[in-house]
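Colleague: The primary structure of each chain is shown beneath.
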Amino acid sequence: MSNLETFKYDDKIVRNFAIATSLWGVVGMLVGLLAALQMVWPVLNFSAETSFGRIRPLHTNAVIFAFVGNGIFMGVYYSLQRLLKARMYSDFLSKFNFWGWQTIILLAAVSLPLGITSAHEYAELEWPIDILIALVWVAFGINMFGTILKRRESHLYVAIWFYIATWVTVTVLHIFNNLELPVSLVKSIPVFAGVQDALIQWWYGHNAVAFFLTTPYLGLMYYFLPKAANRPVYSYKLSIIHFWGLIFIYIWAGPHHLLYTSLPDWAQSLGTVFSIMLIAPSWGGMLNGLLTLRGAWDRVRQDPILKFMVVAISAYGMATLEGPLLSIKSINAISHYTDWTVAHVHVGTLGWNGMMTFGILYWIIPRLYNTKLHSVKMANAHFWIATLGTIFYVIPLYWAGWTQSLMWKQFEPDGLLTYGNFLETVTQIIPMYMLRALGGAIYVAGVFMMVYNLWKTTRKGKVSDPEVSAPPKEKIVSGKGEYWHKWIEKRPVQMLVAATVLVMIGGLVEIFPMIIIDKNVPKIESVTPYTPLELEGRDIYIAEGCLGCHSQMIRPFRSEAERYGDFSKSGEFIYDRPFLWGSKRTGPDIHRVGNKYPDSWHYNHMLDPNSMSPGSIMPAYPWLFKRKINTKYTAKKIRTLQILNTPYPENYADIAVKDLELQAKQITANLESQGIEQENLEDKQIIALIAYLQRLGTDATPQIFVEEK
Amino acid sequence: MYKYILESAGNINWMALFALLTFMFVFIVSAILIFTKNKKTIQHISHLPLVNEEDLNIENRK
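Residue numbers (our numbering), protein chains in the order written: chain H, 1 to 709; chain C, 1 to 62.
Treat the hints with care, as some may be off.
What the hints assert, rightly or not - Covered by chain H, according to a simulated footprint, are these stretches of chain C (three or more residues, beta-carbon under 8 Å):
id, region
1, 27-35
2, 48-56
What the hints assert, rightly or not - Lysine-lysine pairs mimicking PhoX-like chemistry, simulated, CA-CA at most 20 Å apart:
id, chain 1, residue 1, chain 2, residue 2
3, C, K39, H, K8
4, C, K40, H, K596
5, H, K372, H, K12
6, H, K665, H, K628
7, H, K237, C, K40
8, H, K632, H, K658
9, H, K632, H, K665
10, H, K237, C, K37
11, H, K473, H, K523
Since the hints were derived computationally from the structure, they do not count as laboratory data. C-beta atoms are modelled at their ideal positions from N, C-alpha and C, and glycine is treated no differently.
So here's chain C without its partners, still in its complex pose (with noise of 0.2 Å):
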């Protein structure tokens, strides 16, 4: 029925596929890139929160 619906708009079944490969490519795309990521700059990103201001001035005055 859906398919139906669309296919008598017009030809618009190209956003529905626009839409899931757009979602798959940045999907996988971002699942690549995070697997592939460097093991260093996950933990450096992860701990960004538990900066303190304190901490921050003494690492840099060291």
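Looking at chain H on its own, in the form it has when it is part of the complex (with noise of 0.2 Å):
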């Protein structure tokens, strides 16, 4: 053939993402397992900057953005040279992409233990780590439709249709989710505040699931798949069928995880309901897969790339059919706020998303080392020991949560609380959490096992960039009644961006109502604005990552109303920017807690939980008692806030720092009169925190109620 053209796929780019996912993999792995054990030995809370408050958001952040994250551009980068016979776009733009995540990630290392967040869960980092993300993300998108253009294969393979719509989805969520003001180069104010911004939130943190956990990886699963059996995927069709539904139903389900909260009944119901439509495009594509092993299933029994592949997709196809039953309400009654969701995620996480890129790392490393794997019997053993560790750490976790949760709805016959006491229903699964720590350990130990396998893969390997020759991109011929066929192939990038941003009405349509419809959220007369000393005080509330652990939402439950007062109305959020849900309950809610002990109670409890609650698991603060109140930005914070429309007095942000310093005054004389003396505490953070609580969910209580207290 005369026509030919031969050119090198870029790989250097595919070898420094595989050492960089899995490098982040150990180190954010080991940082959840510290989380772990932060729960079950509180003294193993260092100091500020390695408190579970701040280390929780790290681990996610790094597993889902450093590990997977790599993952995801070591696979796309490796497959989409290759489904296109052509090379990457630019050379540089992959180059940015890389060392611009790795900065990313490092700046979020730094910054997250030292409580610069946003508060909003899997999108904690502050706005100008948001800019560089987005900067990052488009170089990739540009990269990636680049290649697409220039490609030598005319036909897209349908990995790459769920790379575009990654891609897409990904940059509408992260832009919509990081609507903020900045205050300061290390704080913002969202734009949304209370049900809207919970909405927007879990839209996001849902479709963060979806679109980064899910997607991306299912198109690693369509090429790698059929790369490690040698066959082609089971239905091809079907795998279009498994796109389109995926996609178009995934951006819908998000309010589930905002239900019996205050969000609208109507928006829970939705989520609800696409949720389960949800169970068929995801069992299709698990079908798929699995189903692309048909006779060839001796060959799972010796090749642990395969082997972890089955196991990835069984992981897949349980977490979504789990994630659609959690989204029914009365199912969700009883596993919201506990461990079983933990459980849920991580059987997606250390099954799904770890296992197939223990996979492909395994099926890619020799490839691009040109040699052979260093030891076949050790990944073999990975898999089992992955396996193991999987298994350890989820089915304690289920047994907690159903404990713990049933704990919390038990009554006496004569109608109080059987558990009266939150502390009693945690320290019943202490031991559960030590095994959960042991399966982290196992997996863990896993993943040390395989870094060295494949460190020593490379040592004996060499790399070069692979030449290969193809002819230019033929003209399709359209066959018989393939006219419309030919015309979309092509013009593959204009029809999937735009197909892709009409699916996306669906989420438009969820939440644009929410944000026009003033009657959606009722006001409550009674509600005000916070202090400045309570602002700060929320900040700090925020900087220490206490929503980790602690819910700001009494749903509207007999046992929870017992347990913690009445139940929390939206009009109660209407200030709250960021609001302060949470999601998980390790400690008690704490929406009513104002009022509800005196002052010197908290200072004594966030001194050492344990002279309140003995047995507690909270750490201590002792920080909070020798740092001052920040007050060079509350005027700023002030101002901000009533550019959002939050009615302080005109003029006020000139005397705000005065009337915090005052409030603070009273709050330590108070503090004085209970017996706690400290030397200028006036000035410490814990007065502030102290601000803060003891103002939560007293806005609507009826006054009467708070007297006879």
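With the hints as a guide, dock the two chains, each given alone in a separate frame, to form the complex.
Modeller: Next up, the structure:
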């Protein structure tokens, strides 16, 4: 053939991403292990920077965006070039993508332990990092689309459709959930408040799972599973249906994270219905994956790569059946706020993302280094260790979740809660937390084995960018009745972008009415904005990551009203920027903790939780008693909130700090009268935190009720 | 209740309908396209991941 074009694949970038995936996997999981151990031994909260509240977001961000994120780039950069028979569009953009992403991860690893967070789960990073993420993501997009445009293969394989959907949707989600006004370089205030903020956050949160942990990995499954099994996917037609069904339905399911909260009922029902519908495309995809191995199951017995992939796809199937079930209100009433959710998530992450990544790494590294895997035996051992670790991780947590939830809801015949003290329901499940930590440790041990095995493999290999020759893209010759098919194949980018934007309307239909309709959030007259001191206290609450363990959302159940007080109403949150409902109760809900205890109780409790609640696993916060309240940005915070229509009096920002000092003095005097004495106590962070905690939930509580207490 | 709230927001029923119709349109068109697609084309696309560098070079140099 005379018109052959010879070119080289860029495999250096794939190698870089593969190394980053392995390293960040180890780091992210070790941080997770630390967090798991802290839940058993609070003494492991060594300092402010390593306390659970700050470590938990570090763990989630590290495993999602550093481990899986690099895994996505590794798989996409490898498969895209080969499926399109073209080198990546721009080497510069590839490098920018790689180094930009690692910079973001480093910035996260520094800023999260420092307590710099926007409090939106899985979107905690502050606005300068958000902008960097946007830049790097756009660079990735341009690089991907550029490669698609200069491709030599006219047909786009389904994996690429998944990559494109991932790119478009993550872009939209990232922008919407990070709409915020900067106050300083490390602090911003979100544009939306309360219920609206919650809806947008969980629309994001849910779709971060859908379009970061699922769709790109499905793309990888559709490429690497046929590769590893050396046979085409079971049904290509089914994969197309899987694609369209999944991306359209997923976008609607977010509200299932907010069942029984103050979110309007219609939005909750919508979330439930679409979640149930999700079973169909998810299982279509799972079956397509498993059936690909029909007639090749004998090879699964020997090949660790196929083993990893089979378990990954099975875990995907289990997680996507369980997810819709958890979206049914009566099941969610039991599961929400408990470890059941954590177990469910880890079936997905340890099982689906972890095992799939390991499988791909074992497949890709020997090929990138032109050699054979150092030890297949060790990879097989890793498979069993990873499986065992996952089982040891999830089963105790399922048990813990069910136990605790049932204890929360248990009543005595006389109408009192059987376990009135929340702590009883925690100490009961500590042994389960120990087993979970053991499961995590086993899983991490497997990862260390893998890293060693892969490292040994690279040592004996040689790297080179493989040279290939292929003819330029052919014109598609359309068969009989294939006119439209031909038309679409010619314009894949336009078609896919347009279609993805159109299906995104599904998400907007949910959010749009929430934003424009005032009466969706009934106003409560007695609810007023936070005082400057409470605002600063609230920001300390956010920085310490208190919402990782404490919810601020009492659901309308008898057991919750009895334990925590009147159920939460949406009108109570209209000045909450960001909303702080939380998603897990390792400690009790504190939406109505205001005025429940004297100031001195909080003082002592934060200094040493065990002094007030013996056996508590809450860490101590001694630094709050030494560090001063930062009032540098108080006025600016007030002004920013005023821009967002928080009704502070005109020019209030000018006297905000004065007001703050006044309230701090009152609380200090209060503490003194209760026998607490500390030098210069009035400018310490603990005072602001006490002010905030004592305010919580009091606005909507009738005065009589407070006086009785 | 959902319908009620949508109505109170002014006439935005079209959004829900538009979303549904868009999905149905895209879904049906893609289903029709995929099921009427030439068998050979499907076979070609589904075998794309199985092309190795060496195969590609050998095949093209023939």
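Colleague: If you test the structure against every hint from before, which numbers come out violated?
Modeller: The structure conflicts with hints 3, 4 and 11, although it agrees with all the remaining ones.
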